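So the sequences go chain by chain: A and B. Heads up, the first sequence is in this note's numbering, so the first residue is 874 and it goes up one at a time. Heads up, the second sequence is in this note's numbering, so the first residue is 386 and it goes up one at a time.
Read the hints as simulated data drawn from the structure, not as lab findings. There's no promise every hint is true.
What the hints assert, rightly or not - When the alpha-carbon atoms are kept at most 27 angstroms apart in a straight line, the in silico DSSO-like pairs for lysine-lysine are as follows: (1) K1473/A x K1492/A; (2) K1473/A x K1367/A; (3) K1473/A x K524/B; (4) K1285/A x K1327/A; (5) K1492/A x K1327/A; (6) K524/B x K1467/A.
It should be emphasised that the depicted structure is a prediction, and the values quoted were computed from it without experimental measurement.
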Amino acid sequence: MNRHVLAISDLSDEEIEEIFRQAEELELALEQRSVPRLADGSIMATLFYEPSTRTRLSFEAAMWRLGGSVISAAEMQSSSAAKGETLADTAKVVSSYADLLVLRHIWDGAARIAAEHSDVPVINAGDGSHEHPTQTLCDLYTLRRSKGTLAGLTVAIGGDLKRGRTVHSLVRALARFKVNIVIVPARGMELPEWFLRRIAEDYGYQPTIARPDDLRALARDVHALYLAPAKPHQLTLFTDTEFDLEGRLREAEPITLDALYMTRPQRERGDDAVEENTDYLRVDADTFQDPAMRHTLLMHPLPRTGEISSALDRDPRSVYFRQAANGVPVRMALVNFLLSQRARSAPAQPSRPRPIAPLTGARCANPNCITRREDVTSERRFRVHREPSGGAHLVCVYCDHETPLEVIGNRKSKHYNVFAEPMHGYLENWLRGDTLVIFDSVKQAEEAGFRPYKLGPQKAIMTAEEIAASIDELTEAMLQEITELNELVIVGVKTAGAFIARRMADRIQAARGATVDVGVVDVHGGREGVQRWGAANDEPPLQVDGRLVVLVDDVINSGWTAKDALSIVWRAGRPRAARLAVLIDRGHRQLPIKPTYVGKHLPTAPHERVRVRLRELDKQHRDTVVIYSYVDPKVAA
Amino acid sequence: MPENPTILLDEPSIKRAVSRLAHEIIERNPDLESYVFVGIRSRGVPFANRLAAKVRELGGREIPVGSIDISLYRDDVDRPSERIEATSADVPFSIDQRVVCLVDDVLATGRTLRVALDVLSGLGRLRAVQVAVLVDRGKREVPIRADYVGYNVDEGEERRVHVRVRELDGADEVALR
Chain A
874 MNRHVLAISD
884 LSDEEIEEIF
894 RQAEELELAL
904 EQRSVPRLAD
914 GSIMATLFYE
924 PSTRTRLSFE
934 AAMWRLGGSV
944 ISAAEMQSSS
954 AAKGETLADT
964 AKVVSSYADL
974 LVLRHIWDGA
984 ARIAAEHSDV
994 PVINAGDGSH
1004 EHPTQTLCDL
1014 YTLRRSKGTL
1024 AGLTVAIGGD
1034 LKRGRTVHSL
1044 VRALARFKVN
1054 IVIVPARGME
1064 LPEWFLRRIA
1074 EDYGYQPTIA
1084 RPDDLRALAR
1094 DVHALYLAPA
1104 KPHQLTLFTD
1114 TEFDLEGRLR
1124 EAEPITLDAL
1134 YMTRPQRERG
1144 DDAVEENTDY
1154 LRVDADTFQD
1164 PAMRHTLLMH
1174 PLPRTGEISS
1184 ALDRDPRSVY
1194 FRQAANGVPV
1204 RMALVNFLLS
1214 QRARSAPAQP
1224 SRPRPIAPLT
1234 GARCANPNCI
1244 TRREDVTSER
1254 RFRVHREPSG
1264 GAHLVCVYCD
1274 HETPLEVIGN
1284 RKSKHYNVFA
1294 EPMHGYLENW
1304 LRGDTLVIFD
1314 SVKQAEEAGF
1324 RPYKLGPQKA
1334 IMTAEEIAAS
1344 IDELTEAMLQ
1354 EITELNELVI
1364 VGVKTAGAFI
1374 ARRMADRIQA
1384 ARGATVDVGV
1394 VDVHGGREGV
1404 QRWGAANDEP
1414 PLQVDGRLVV
1424 LVDDVINSGW
1434 TAKDALSIVW
1444 RAGRPRAARL
1454 AVLIDRGHRQ
1464 LPIKPTYVGK
1474 HLPTAPHERV
1484 RVRLRELDKQ
1494 HRDTVVIYSY
1504 VDPKVAA
Chain B
386 MPENPTILLD
396 EPSIKRAVSR
406 LAHEIIERNP
416 DLESYVFVGI
426 RSRGVPFANR
436 LAAKVRELGG
446 REIPVGSIDI
456 SLYRDDVDRP
466 SERIEATSAD
476 VPFSIDQRVV
486 CLVDDVLATG
496 RTLRVALDVL
506 SGLGRLRAVQ
516 VAVLVDRGKR
526 EVPIRADYVG
536 YNVDEGEERR
546 VHVRVRELDG
556 ADEVALR
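Only chain B is shown next, with the shape it has when bound in the complex (with noise of 0.2 angstroms):
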């Protein structure tokens, strides 16, 4: 394991993303009337709430937060007949007729997000998904992308992208280990 990690992202530069995000949002979706956001635990969701409340701060429009939780769905084992039953979601608002924001730390793979949409289809008809996510780092093992990026890895990086959150690890910080 090499011994210095690379800092990609501290404090105030994951602030400015966040930020940043959130305008994009507000700048895409003149209608947040129907808006929601969706994290996928565990650090999607600190982001969720992050964003929801930068946007109130620029915007002055409560969105809800609500969440799901992919770990125990198992994507690399052999079950034919697997139903998306190790997934959870707590979503406590209906989904009906929304646009979605999912939200999460880490877009590699795309995996990830591939269950999120699954799960999300089966709480209700939305009207449509959005994907934010804090670090973009390529890599994608299926077809899908995120609409709103705080800082793009490149490809080429063999490093683990790491990212600890004040509310879960007591810091903010995203780097390459």
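Isolated chain A (complex conformation) (with noise of 0.2 angstroms):
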């Protein structure tokens, strides 16, 4: 069983500080430049899909400095990724090149994704927005032999607190080693909010906020900031008048700022222009002249863009050089644990509890989440979170990130139904009972084969006849426009749209002889890109890049599942136009969308479903369109 750094958590408490104990050794070596060849022999695999240099660069430096090696594929993007390979296959494969993976990839949770898969230690060196362990090694290493301990220190952090991996990964480690946290976000790069609720989940701690305003102030008195006395690891920030302030100053104990850490403006996942954010902290000589900032440490992960004035450089309090010279001495014992552990062959993982993760066909909610990408294999990839009003949410394994349930069902009896107030114990039952089926939609749902636990009477609307004579209608209409067929691509979105863009396909061929391409796109995750109608599973994906693309999808609502499409379609290439073709549209949207081509308009009410049945997916059917209404507790309620 390998172990793998994939975030702070999967080290315990006593590991990192053995980590510290020998990452100060081998700082110590490295001085007398006596190192010991602790890697002798063994071969680090760097597979960078975002460009980094600094990190990289320290991570081969410490592998050559313990008489290792490395091998490196820098520039991932224009290499086997670009040729469509998985990350899953590449890990496997890279893994029986070398004894050890570092990753960086741009997707949140692809760490997991390549552990899963690796048959040596991963290291993660950044996974999109999710976590950066061993950037956090480094600050708390850092932080700790310049302070002599972690506990009970004071640590403001500033900047953009809202993408930041880097961030992230530092808050969750200070709480949980009991430093004492000042956030100083600018506006709108705040820590987002499922973030600081799992923070106090996990570690009872809430930190505390304050504006760039507040900690000017606090550069010229630090004693507006104050421990609570009723909750040690907690402070309390005065920054106005506030009731019996008097009384609550004479109970408080005054506290310094040990280090105040700056962060960047994550530019690269996407942001404001920070030049226009006058809100953004700014440190300069001036801000730090301040004899309450005497000890206070100036520490940033690096590179930096002007947030910290390079008049600061030889300052004895700013860190950030050493911190980023410290990450070689710290990965080089992470490496060193690493391949001891693994030659010990330790035994499985320690202290992560085990999440309950049912059988889900739901999607994460992260848009850069790695699930959404690539195929994950593993059909558990959420933990179920039960919040205090009884209710739930779904927690990503991979990501991390919230996503709301929406349907529930039994695997057993095949039944499903909308998650609200009244199915709250029956997710409790079915999950102690591991019978639990997480849906996205009551459509997936029901293409998944389950019913709802209450019918209304179903009335046919379309019977065999009169859906062949649409799809009919739908083909025509279509090549009324197209001239050129061989620039014409069908996309059916899976399930029942893919079947009926086979039929508009077949009904080409019949009536024009021509051949069209068929793709199929799934937005409830699986493949990216379009792949080939009834493509094996390693054939390259459909090219669209300068194709007229006809997405075709059975019944239209809210115009998500269309938009998802789209987005599909455009990650996979560059199509000349996009159209839409749907055999009903039932109107209730929510988006922007609007389809091209319509079967029938059916005016429906929110209650009532429109199910498609195509004698290709239901055997017992001819092809038919029924509506019901099913009895959603959300309007029962």
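Using the hints, put the two chains back together into the complex; each one sits in its own frame.
Shown next as structure tokens:
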């Protein structure tokens, strides 16, 4: 069983201590140029799907210093990734060349996918906006080396706290090691709500939130910041006159700011124009002149973009370059730790509670999650998180984001229901009995063969003949506008839409004798890209560049499915244009999507379901379209 | 280049169009509490601000205005693994469970709006998206439509729709050139 370091939580307190102890020894050994060849004969593979200079160089330097060697594919975008190889496959293959795999990736949760498929330990060198544990190790190491301890320190963190994976890893680790945290976000760059909620749940801790102005005030008068006596691990910030301030000040004990951790705006992960954000905290010699900041370390993960004036570089309190230099001994210690764990073939991973992760058809709500880009073999990709209200949401095992719980089903009885208050009890029982299935939508549940608990009467809307006629009309309408059949590709939205797309192409074949490419997209995760109809798993996706893409689905209502399908097509390439053909438009649009070709407009009530049954999907049926109402607990309640 | 541009909308008629769109928005969204405007840079932003001001004037409610910039998103280059990295957003409020009205000056191919929808859905779990544009000039390449349209330009028109706004160009005008 391999040990991986995907998040800082993969290491126990004792292990972090051990790594730090060894890093100190190695730091000394580096100075004395007498580094033990602890990794002699071992190979590290570095896979960087996102540009990074210092992280990669510091990993590679660490490996060389230990007597090991490095193989590297720095520009992954231009190698196998561009040929459509999945990360899972790349990790599997490269892990057979090396003893250790270091991965940086643009998508959240990518490191866990690599770890699932790698035969050797994986170190996460940053995955999307998710985690960057080795940076955090360096940060903690620098802090502890300078201050002698972690518990009880007070650290302010300023800048872009919304997207920075460095910051998320750091806040998590500081909370864990009982460091008081003051966060000073720029406007619009606050720590996400879900992240704060998670910190509160995991560590019973809430960081103090300050505005940049407060921090400037703090620089002038550090007595503005106090430990609240009732909660030792909790700061209170008095910025304006508060009730019984005098009394509280007498009880409270003034503390000092031990470190100020600055971050740069995460431009590459999409952001505001920072130059315009006057609110962004900047530190210069002036800020740091205050006697109250006498012992305040100034930290930064680098590179910086003007948040810290270079006038402070020679100040003994500026430790950002030391922080970067520490990257080598800390990574050396971590590499040695993992390699020696491997030699010992240590038992299973410690101290991570096994998540209850039910079978699911649901999709992570985080658009940058790896599970939305790549097929995830495990069906158990969420933890169910109960809320105090009795409700629940899903937490992605890969990227840690929250996803709402929409539709739940029972694997044994094959029933589904919309998740709402009357279902809270069922959720618990089904979880316990391991019969819980989770779906994104009623449609998805029905396509999986599940039935609603309570049904209103069914009414047939279209017969087989009408469906056939309607598909013919859609096809004809489409052909009227398209002369170049070779540039056409008909792309069905899985599942029913794909069969309709197939039938449209068959009709063109019959009527015109022309073969048209048929593609399939799956908006519920699964393989990224437009797959050729009936293609095997390893077949490359269909090319859409410069072509006319006609998306086909059975029913449109909110428009979210169509929007997601369009996004998939545009991630796959650059079509000349895209159109949308649907058998039925039932209204209730939530997005500005307008189908180009519509078989039948069908006004419906929100609690009604329109179901297209196709013979390809449902062997007992001829083609039909039925409408019925289902009893939605949200409506009933 | 033809020397005589045709003026489609002058300053008073743009003002009337904005006012009419604000009326339509209020009529279709009785619950404006969860409504927000997001302008698409550059020229969508001033219109978003004007719509917000007009809605406030008519409905008495302050509606937050954000902006997104997708001008760097290259729709026309071959980059298969492109993410929406060249886009940026300044939406300093939560859009969870909100109805977002995207505002732009001209709707043509729909490519801009398609990218905008991706950017928005990356910002939070919004409830719905509506679209308001000053000019719809047809020529759609993506199956997207606007909910509120100030002025429709004939599909067959070959000339370019040219929008100027006071805040950026010193004058309000929609012309064909």
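Cross-check of the supplied hints:
| no. | hint | result |
| --- | --- | --- |
| 1 | K1473/A x K1492/A | 24 angstroms, holds |
| 2 | K1473/A x K1367/A | 20 angstroms, holds |
| 3 | K1473/A x K524/B | 24 angstroms, holds |
| 4 | K1285/A x K1327/A | 17 angstroms, holds |
| 5 | K1492/A x K1327/A | 23 angstroms, holds |
| 6 | K524/B x K1467/A | 14 angstroms, holds |
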